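J.: Now for the letters of each chain:
2 protein chains.
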Amino acid sequence: MIFRYPNGKTYQPTEHTKHTKQQSISYSNRGMTLEEDLNETNKFYLENKTAVIHKKPTPVQIVNVDYPRRSAAVIKEAYFKQSSTTDYNGVYRGKYIDFEAKETKNKTSFPLNNFHDHQIEHMESVLDQGGISFVILSAFDDYYFLGAEHLLTFWNRQNDGGRKSITLKELQEFAYTIPLGYQARIDYLKIIDKLYF
Amino acid sequence: MIFRYPNGKTYQPTEHTKHTKQQSISYSNRGMTLEEDLNETNKFYLENKTAVIHKKPTPVQIVNVDYPRRSAAVIKEAYFKQSSTTDYNGVYRGKYIDFEAKETKNKTSFPLNNFHDHQIEHMESVLDQGGISFVILSAFDDYYFLGAEHLLTFWNRQNDGGRKSITLKELQEFAYTIPLGYQARIDYLKIIDKLYF
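Read top to bottom, the protein sequences are chains A and B. Counting along the first sequence from 1, when you hit position 65 you're at 64 in numbering that gives the first Met the number 0, and nothing is skipped either side. Counting along the second sequence from 1, when you hit position 157 you're at 156 in numbering that gives the first Met the number 0, and nothing is skipped either side.
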C-alpha cells in the first residue's frame, strides 16, 4: 500500500515501520530498499568510527496525543509534513556531509520530480556554507553519487523550460558510480575521499 | 498537559504542534520557550546566509496509517521514540555543528538526567570526527554554551559515583554565557566564532 503526502509524493516507510508490518512475514532473503541499505552503511560507518551520519526522522505534525495513565503516550492523529531539508546529514573527517537519496524504476532517465524546491534550496545553502552536498541516485541498476552543483544545473535547466529529467548519459558523465560492499553496502565515502581529500 | 516518553522524559511539543494548540489563544506577548527561541535564531541565521542549522523532527514510530481517498494520509497510531542523536545540527563556515538544548528551573545546579546515554555517546562520536559539539543550557536566568568535552567530564564523574548535576559555579567556570539579540535571540555562533575561528 502506498501512502501519499498532501502534495502527492509517496511516503517511504522507515525501517522501523516496515519491520512492524513485516513481523508476520519471513525475514529471510527479503529485498533491501535503498533506505535500508543506507541505514546499514551508516551504521557500519558509525560502529567503525569512520563517520557519524544519520537519517533524520520523518517529519510529522502531531495533532492529537492520548496519554493513558501508567503507559506510554499514544499519538492518535498526525500528518506527514514535507521536510525543509534533505534526509541525511552528519560529519566525516571534520567536514559537514549532507545528502538525499532517491530511486527510479525508469529505464532511460532520472525524473527531477523526485526532488522538491525546499530540498534544492537547502542544498544551495549547504554549498554556500562550504558543506559537502550531494544526492545518491538508485537508477539503471547502479548507485550514482551526483554532486549538488550538478543537480542544481539540471534543476535550473528544467526551470528554464528544459527537460524534466537527467538522462543516463548525463549521469554517466557527471556522476560517480558508488562501489558496493558487504558491510558498507553503498560505500559513498569512497567517492568523498576521492573528491574532497 | 505534559506528555511523557516511556522512560519518563517529558515530550517537548514542536513549534508546529504548539501553534495548532494556540490558534484559539492570543499570540500577543506569549512567553517564548528555549526551542522557539532557537528556531527563531536558526531561521535568522539561515535567511542571512550565516549558517544552515535545523532542529531534527521528533522521532516517531508510526504503527497505523489511514489513507482516505482524495485526502491526506492520517497517522492513527504512533509512539514517541527516543532519539539516538542530539536535536540540532548543521553547517557553519564549513564546520559541522551539533548540539542539544536543555533547560532547568532548578536554582542551584543543572541536573544531568536531562541527557541520556545515546546523546552522550553521539557527542563523543562527533568530537572524534572533528565536529563542533556542545549543549545550550537554559538555567539560572542565563543561556550557557558548554562544550561537549566538559559535559563528558561531568557525565563521567556521575558514572564514577560523583554528583548527578553541574553546579552553578562549575557552569560559570567551564561554560560561556550566550549573548542575547533581537533577531538572533540566542546568538550562539558568537561563541563558536571566539572558540573555533
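It is possible that some hints are incorrect.
Since copy identity is lost for identical chains, a pair holds within one copy or between any two.
[Said to hold, decoys possible] List time: in silico DMTMM-like cross-link candidates among lysine to aspartate or glutamate, alpha-carbon distance up to 25 angstroms:
id, residue 1, residue 2
1, K48, E123
2, K193, D127
3, K42, E148
4, K80, E46
5, K42, D127
6, K75, E46
Derived by calculation from the structure, the hints in this document are not laboratory data. All values reported here derive from a predicted model rather than from experimental measurement.
J.: What hint numbers does the structure not satisfy?
T.: 6
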